[in-house]
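For reference, the chains in residue letters:
Protein chains: 2
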Amino acid sequence: MYFETFSQMKKQLGQLSKWLETAAAHAKAKSFDPNLYLNFRLAPDQLPFVRQVQIGCDAVKLAASRLSGKAAPSNPDTEQTLEELSARVRSTIAYLDTFTAKDFEGAAGRIVTHPRWEGQVMSGADYFLENAVPNFFFHVTHAYALLRHNGVNLGKADYLGSQSLRAP
Amino acid sequence: MYFETFSQMKKQLGQLSKWLETAAAHAKAKSFDPNLYLNFRLAPDQLPFVRQVQIGCDAVKLAASRLSGKAAPSNPDTEQTLEELSARVRSTIAYLDTFTAKDFEGAAGRIVTHPRWEGQVMSGADYFLENAVPNFFFHVTHAYALLRHNGVNLGKADYLGSQSLRAP
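Quick note, the sequences are listed as chains F and D, same order. Numbering of the first sequence is given in our numbering, commencing with residue 283 and proceeding in unit increments. Numbering of the second sequence is given in our numbering, commencing with residue 283 and proceeding in unit increments.
Hint data in this document are derived by calculation from the structure and do not stem from the laboratory. Since the model is a prediction, treat every value here as computed from it, not as a measurement. Here a beta-carbon is modelled for each residue, glycine too, at the ideal position from N, C-alpha and C. Fair warning: there could be bad hints in the mix.
[As the list claims (entries may be wrong)] Partial selection, computed: residues in chain F whose CB lies under 10 Å from chain D:
1) Thr287
2) Asp327
3) His396
4) Trp399
5) Gln402
6) Val403
7) Met404
8) Phe410
9) Leu411
10) Glu412
11) Phe418
12) Phe420
13) His424
14) Leu428
15) Gly433
16) Arg448
[Stated by the list, open to error] According to the in silico footprint, chain F covers these stretches of chain D (three or more CB under 8 Å from chain F):
17) 321-330
18) 418-424
19) 428-438
[As the list claims (entries may be wrong)] Pairwise CB distance ranges, derived in the manner of DEER restraints:
20) D:Ser313 with F:Asp379: 49 to 57 Å
21) D:Leu442 with F:Gly401: 14 to 22 Å
22) D:Lys384 with F:Lys312: 50 to 58 Å
Pulled out of the complex, with its shape left as it was, chain F reads as follows (with noise of 0.2 Å):
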C-alpha cells in the first residue's frame, strides 16, 4: 500500500496547488499583496503559512525517498512569493510523479534515519505509519486551515477532490 498512499499524497498536494489558486484569486479580488499570506500563523509560536507548505511538501518527499532509496531534488526554502510557493508544490508533485510501485519493494524492512532522532532508527513500516503519513497530513491541514481563517472560500470537497465513486 505504500505506493497508493504516496500516490494519494500526492493528489493531494494537487488540491493544495488549487487552493493556492484561489487564495490568490481571493487576494485579487479583495485587493491585497497575495505574499501576505506566507506569514500568516494561527499562533504566535506555530509555524507560518510558508512554512507548512514547505514542510508538507518535504514530508512526502523525503519520505518517499527514505523508504525507497531514490534521491531526492534539494528544496533551500526561499519561497517568498506564492506564486514561488506553488511552483514549490508541483515540483514535489512531479518528483512524486517519477515513483512506480517497484520503488517501494522492500520499504517496510528499511532502516530509516532521520537528523532530528539523535542516532536512533525507525523501521520503514514504522516511520511511514508514524511518522511521515500523519505528519504530511498535519501540515497540509495546517495550510487549509489557514486559508480557511483568512476568508478564502474553501470547503472539504476542495480539500477531498475527486473520489473514486461510481455505479453499484
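Dock chain D against chain F, hints included.
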C-alpha cells in the same frame, strides 16, 4: 496495512485525549470555563471544535465498521462539555480496541456505501485511502489547530506521540 493504519489512528485519538486534558488544565490556570472550547471556530463558516472532535471520532469509527462489517456503536452527538467530549474519544478508542487484523481481511474488496454519495459506491480500498484516512486527519488536525489558536500549549511531539525509535 488496514489494521496497522487503524491502530495508528487509534493512537492519534489517544493523543487527542491528552490535548483535551491539556486544554482543561489551561482553562483552569486561566480561570475560564473549559466548555467554551466546544464552540470555538477558525472561521465563522467552519465547524466548531466540538464537531471537529465528533466527526474525527466518527471518521475512524465508521471506517472501521464499513471495512470490517462489524456494527459500530451509535453516538448521537449530544456532548455539551469538554468532559463529555473526552468520554466520546475514549469510547471510540474502546471500540477500536475490539478489532484484530483478521477483521479487515477482504476490506479492500468490500463495497462501501455512504448516505452522501447519492446511490454511488466505492471499493473498500479506494474509500480507505481517498476518504477515511484524509478525512480523519483533517478533523483531528483542526481540533489541534483550534486549541493552539486559543492558547493551549501543544507541540508537534504532542501531535505525533511516541514513535518506535530504536538503537541502530
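Hint-by-hint comparison with the structure:
1. Thr287: Thr287 of chain F check passes; min Cβ-Cβ to chain D is 6 Å, inside 10 Å.
2. Asp327: Hint holds; Asp327 of chain F Cβ to chain D Cβ min 8 Å, cut 10 Å.
3. His396: holds (9 Å)
4. Trp399: Holds - the Cβ of Trp399 of chain F comes within 10 Å of chain D, reaching about 6 Å at its closest.
5. Gln402: This interface hint holds because 4 Å falls under the 10 Å limit.
6. Val403: holds (5 Å)
7. Met404: This interface hint holds because 6 Å falls under the 10 Å limit.
8. Phe410: For Phe410 of chain F, the interface hint holds, since the closest Cβ of chain D sits about 9 Å away, which is under 10 Å.
9. Leu411: With Cβ-Cβ at 5 Å, under 10 Å, it holds.
10. Glu412: holds (5 Å)
11. Phe418: It holds, given that the least Cβ distance between Phe418 of chain F and chain D is near 9 Å, below 10 Å.
12. Phe420: holds (5 Å)
13. His424: At 6 Å from the nearest chain D Cβ, His424 of chain F passes the 10 Å test, so the hint holds.
14. Leu428: This interface hint holds because 8 Å falls under the 10 Å limit.
15. Gly433: holds (7 Å)
16. Arg448: holds (6 Å)
17. 321-330: holds (count 3)
18. 418-424: holds (count 4)
19. 428-438: Held - the region 428-438 of chain D has 4 residues with a Cβ nearer than 8 Å to chain F, which meets the minimum of three.
20. D:Ser313 with F:Asp379: 49 to 57 Å: About 54 Å separates the Cβ atoms of Ser313 of chain D and Asp379 of chain F, which means 49 to 57 Å holds.
21. D:Leu442 with F:Gly401: 14 to 22 Å: Holds: the Cβ-Cβ distance is about 19 Å, inside 14 to 22 Å.
22. D:Lys384 with F:Lys312: 50 to 58 Å: Since Lys384 of chain D and Lys312 of chain F have Cβ atoms about 54 Å apart, the given range 50 to 58 Å holds.
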